[in-house]
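Protein chains in written order, with our numbering: chain R, 1 to 285; chain Y, 1 to 163.
Don't take every hint at face value.
To be verified - Distance condition first, Cα-Cα at most 16 Å in a straight line; then the derived EDC-like pairs of lysine to aspartate or glutamate:
#, chain 1, residue 1, chain 2, residue 2
1, R, K229, Y, E66
2, Y, K151, R, E285
3, Y, K151, R, D283
4, Y, K151, Y, E141
5, R, K132, R, E64
6, R, K132, R, E85
7, Y, K156, Y, D63
8, Y, K151, R, D173
9, Y, K151, R, E168
The set of hints was computed from the structure by calculation and includes no laboratory data.
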Amino acid sequence: MKMIKIVFAFLLASGSINAFGQAAFVLPSPTNANDSMTLYIDMNQSVNGTNNNALKAHLQSHPEAADSVYLWTWMPAGPACGNGEWNNSNNCMLMTRVQGLLYSIKIKPLDFYGVSALQLFQNGIFCLAKLKDGKEYETEGIGESKSEDFIIDIVPALCEAVYCFFPEAAKIDDFLSITYDNTQEANVDLQNMGPNDCYIYLSAKTGPFTSYPIAPQAEVTSHPELQLKPLPGIDGGFRITIIPSEFFSVPEGETILSIVYYIIRPGYLYPGAPPNFLHFPLDCE
Amino acid sequence: MINKYFTKIIVFISAVVLINSCKPNIEGEIGASRDVFSGMAGEWELTQFIQQDPNNPILEERDLSEFYIVDGIEPMKLNLNATDFTYTVDITQGRNFFGNEGTWGVDNVDAPSHLLLYGTDTLSLNLSSMIFPYSTNMSLEYNRACSDGFKHAIYKFKFKRAE
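Could you put the whole structure together from the sequences, leaning on the hints where they help?
This is how it looks when you write it as structure tokens:
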């Protein structure tokens, strides 16, 4: 019986380590790439000396440095505001001490890294924590004031936005579905659509100034192929599915880089200039 | 106490091994190996087409059969010839991911897990199960990936053996 208890305790401990043993993580997870998320680094979980790193030891022996921990990150890209120099961190990378040796930084990942959702989910986040002067306390001989390298996998959240794409990454010859939630529509002229009211302006963008719309805004509702079908059982939900390479007439030699879209209803035109274009990048080549 | 249980376990395992080794040798032939190709050969008619996003937290699937199966129009057919190992695709509705024709094979003749289509491109399609001559259904999965290997979509083709 004692043996069984020992084995059970060991299994329980293993499970606990798996659940709570991450030194770097993001919340919320799964993550909506377009929303804010908070990146946490728990230096309590850090292991000194795995990569000449001694930040945990330095923070424990020099509590006066506890509020000078910076994020240093290089994947999915360098941060848009810049890491700064190793010996002179950029202020935008200063982390907040939550409590003890737990640090956080709140970011909007796509803006923070200047990448697409695909690049974020595909690569994850590579980072470490460091003191402003990464070589501080080096004379103590136990390593640099940095953590080991962390790799954080980013799990995409189910889309709950006004527009959702399925799949979240697509090639030009994939089936691509656009789902529109009219109940979240901010434009009062487009709210409360009936089952036959929902149309979409679609254009294939092949360059900075080159795009190929199926129809101009004023003619969209005359094109049945641009009508979204209501989703059975989902109030205000509409969907259209296309294969971009077959749907758009793009001259040979040009490549569709993104899809431009916005919703239209019969009898309604956006006043003045066209609305701010929404883009879905076709960056899976 | 621990040593007591450990000793018992060792004695038990030893006993099992000893008893097992006393079994008589198997005699006789196990028969000819299964002919994978004759099981897969023939005409297969598409009955369902599903798209899955492998990056979706719940691995959401959507049934897009309506793009392939329309009343009054012959559904897509895949014809696998086991004599010359050619294949043809007859399709009037829906996107043809397989190419019109080419040759075919499998990754492992003893235990195939992938159907290989050598058409305009070479496609490796996951076989969901072994296909025997009496099998009436065949499911193929086409994993789509970006040029850097990132898997972004899975297409699931479900066929029935055409009559």
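For this structure, which hints from the list above don't hold up? Those not satisfied: there are none.
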